[in-house]
Amino acid sequence: MKILKKAMVHALSRESLGKIFQWACGSRYSRKLIRPYIRLYQVNPAEIKHPDQYKSLADFFSRDICPSLRPVDPEKDAVVSPVDGKIADLGFAREDQLILAKNNSYSISQLLGQSAADDFREGYYFNIYLSPKNYHRIHMPFGAKVIKHKIIPGKVFPVNDLGAATIKDLFARNKRTCTFFETPGGLKFALVKVGALGVGQIVSHFTEGQWIDKGAEIGRFEFGSTVILLFQREIFKPVESMLSGQEIKMGQRIGTMIY
Numbered sequence: 608m609k610i611l612k613k614a615m616v617h618a619l620s621r622e623s624l625g626k627i628f629q630w631a632c633g634s635r636y637s638r639k640l641i642r643p644y645i646r647l648y649q650v651n652p653a654e655i656k657h658p659d660q661y662k663s664l665a666d667f668f669s670r671d672i673c674p675s676l677r678p679v680d681p682e683k684d685a686v687v688s689p690v691d692g693k694i695a696d697l698g699f700a701r702e703d704q705l706i707l708a709k710n711n712s713y714s715i716s717q718l719l720g721q722s723a724a725d726d727f728r729e730g731y732y733f734n735i736y737l738s739p740k741n742y743h744r745i746h747m748p749f750g751a752k753v754i755k756h757k758i759i760p761g762k763v764f765p766v767n768d769l770g771a772a773t774i775k776d777l778f779a780r781n782k783r784t785c786t787f788f789e790t791p792g793g794l795k796f797a798l799v800k801v802g803a804l805g806v807g808q809i810v811s812h813f814t815e816g817q818w819i820d821k822g823a824e825i826g827r828f829e830f831g832s833t834v835i836l837l838f839q840r841e842i843f844k845p846v847e848s849m850l851s852g853q854e855i856k857m858g859q860r861i862g863t864m865i866y
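Each residue of the sequence shown is one higher than the one before, counting from 608 in our numbering.
It is worth saying that the hints were derived from the structure and are not from the lab.
Hints are not guaranteed to be accurate.
[Claimed, not checked] In silico lysine-lysine, DSSO-like type, Cα no more than 30 Å apart, as pairs: (1) 693 <-> 662; (2) 782 <-> 856; (3) 656 <-> 693; (4) 683 <-> 693; (5) 856 <-> 693; (6) 795 <-> 752; (7) 856 <-> 656; (8) 757 <-> 693; (9) 821 <-> 693.
[What the hints assert, rightly or not] Label-pair ranges, simulated between beta-carbon atoms: (10) 671 <-> 738: 16 to 26 Å; (11) 671 <-> 725: 29 to 39 Å; (12) 757 <-> 856: 26 to 36 Å; (13) 704 <-> 738: 38 to 48 Å; (14) 678 <-> 656: 17 to 27 Å; (15) 656 <-> 757: 35 to 45 Å; (16) 728 <-> 656: 40 to 50 Å; (17) 704 <-> 634: 36 to 46 Å; (18) 865 <-> 672: 43 to 53 Å; (19) 634 <-> 866: 21 to 31 Å; (20) 635 <-> 865: 44 to 54 Å.
All C-beta atoms in this analysis are idealised placements derived from N, C-alpha and C, irrespective of residue type, glycine included.
All chains should be built: construct the whole structure from the sequences, respecting the hints.
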């Protein structure tokens with residue numbers, strides 16, 4: 608059965624099928640799928656004032672929402688969730704290892720690249736999964752300057768439970784972007800946007816050297832994916848109530864920076 612599931616995931620992740628999927632969801636005819644999509648995935652109707660205003664299903668998926676629906680914790684030292692989603696995993700890295708899914712460990716150097724690994728050994732991390740129902744824009748978790756941004760090519764395996772259970776080294780094999788930030792106090796953190804099945808683009812709205820305020824929009828996904836946050840050792844204290852499997856909202860406090 609596991610072999611069959613693995614074969615299915617590999618087949619669905621073929622580049623040619625991905626292009627067909629992106630074309631279909633971006634066509635004007637896909638507008639007819641928006642209302643069934645809302646019902647199927649139980650998208651919160653209170654956040655969608657005019658479902659018929661979107662040009663396509665892809666346009667709906669990457670929709671904006673009213674800022675008042677996602678208040679950002681205003682406390683100076685508060686770190687907030689960059690996205691809506693479910694915490695797939697969280698905790699302290701053991702030396703160079705992160706456990707991101709189904710007890711599968713990844714080295715920080717695999718995920719970020721060898722040159723960046725030393726900054727994040729034994730630091731704290733969050734792995735947040737965005738399901739089809741979620742708001743898919745990405746926001747700044749803490750005010751900081753972009754010090755480096757890189758795009759890492761790769762596959763587009765699904766990042767849901769099926770993909771995580773069947774594909775070894777999933778997050779290190781999928782296409783992704785890695786962005787590194789530094790606060791005025793010299794604290795560093797990284798945000799990884801991981802592509803997935805159906806993700807046509809990972810869009811980023813910034814340049815290297817730019818200062819970005821907490822809560823500002825920094826990018827978006829086109830269809831489901833994952834965001835991984837990593838902090839330097841001993842600079843971040845998580846909110847004690849944060850648990851694996853918990854649903855969180857963008858702007859919600861997830862921890863505190865320690866100076």
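Do the hints match the structure? See the list:
Taking the CA atoms of residue 693 and residue 662, the gap is about 28 Å. The hint holds against a cut of 30 Å. Taking the CA atoms of residue 782 and residue 856, the gap is about 24 Å. The hint holds against a cut of 30 Å. A C-alpha spacing of about 24 Å is found between residue 656 and residue 693, which places the hinted pair at or below 30 Å, so the restraint holds. With a C-alpha separation of about 25 Å, the suggested pairing of residue 683 with residue 693 holds against the 30 Å cut-off.
Among the hinted pairs, residue 856 with residue 693 is consistent with the structure: their alpha-carbon atoms are about 9 Å apart, no more than 30 Å. Among the hinted pairs, residue 795 with residue 752 is consistent with the structure: their alpha-carbon atoms are about 10 Å apart, no more than 30 Å. Under the criterion of a C-alpha separation no larger than 30 Å, the hint pairing residue 856 with residue 656 is consistent with the structure, at around 19 Å. Simply put, residue 757 and residue 693 have alpha-carbon atoms about 25 Å apart, close enough for the 30 Å limit, and the pair holds.
In summary, the hint linking residue 821 to residue 693 is supported, as the alpha carbons are separated by about 20 Å, within the 30 Å threshold. Look at residue 671 against residue 738: about 18 Å separates their beta carbons, and that is inside 16 to 26 Å. Between residue 671 and residue 725 the Cβ separation comes to about 38 Å, which falls inside the hinted range of 29 to 39 Å. The hinted window of 26 to 36 Å between residue 757 and residue 856 holds, with their beta carbons roughly 28 Å apart.
Remark: the range hint 38 to 48 Å for residue 704 to residue 738 is contradicted by a beta-carbon distance near 26 Å. Roughly 18 Å separates the CB atoms of residue 678 and residue 656, a value that falls within the hinted 17 to 27 Å. For residue 656 and residue 757, the Cβ-Cβ distance of about 37 Å falls inside the hinted range of 35 to 45 Å, so the restraint holds. At roughly 46 Å, the beta-carbon separation of residue 728 and residue 656 lies within the given 40 to 50 Å, and the hint holds.
Under the hint 36 to 46 Å, the C-beta atoms of residue 704 and residue 634, about 43 Å apart, fit the expected range. Between residue 865 and residue 672 the beta carbons are some 31 Å apart, a value that contradicts the proposed interval 43 to 53 Å. Here the CB-CB span from residue 634 to residue 866 is close to 50 Å, at odds with the stated 21 to 31 Å. Taking the beta carbon of each, residue 635 and residue 865 are about 50 Å apart, inside 44 to 54 Å as hinted.
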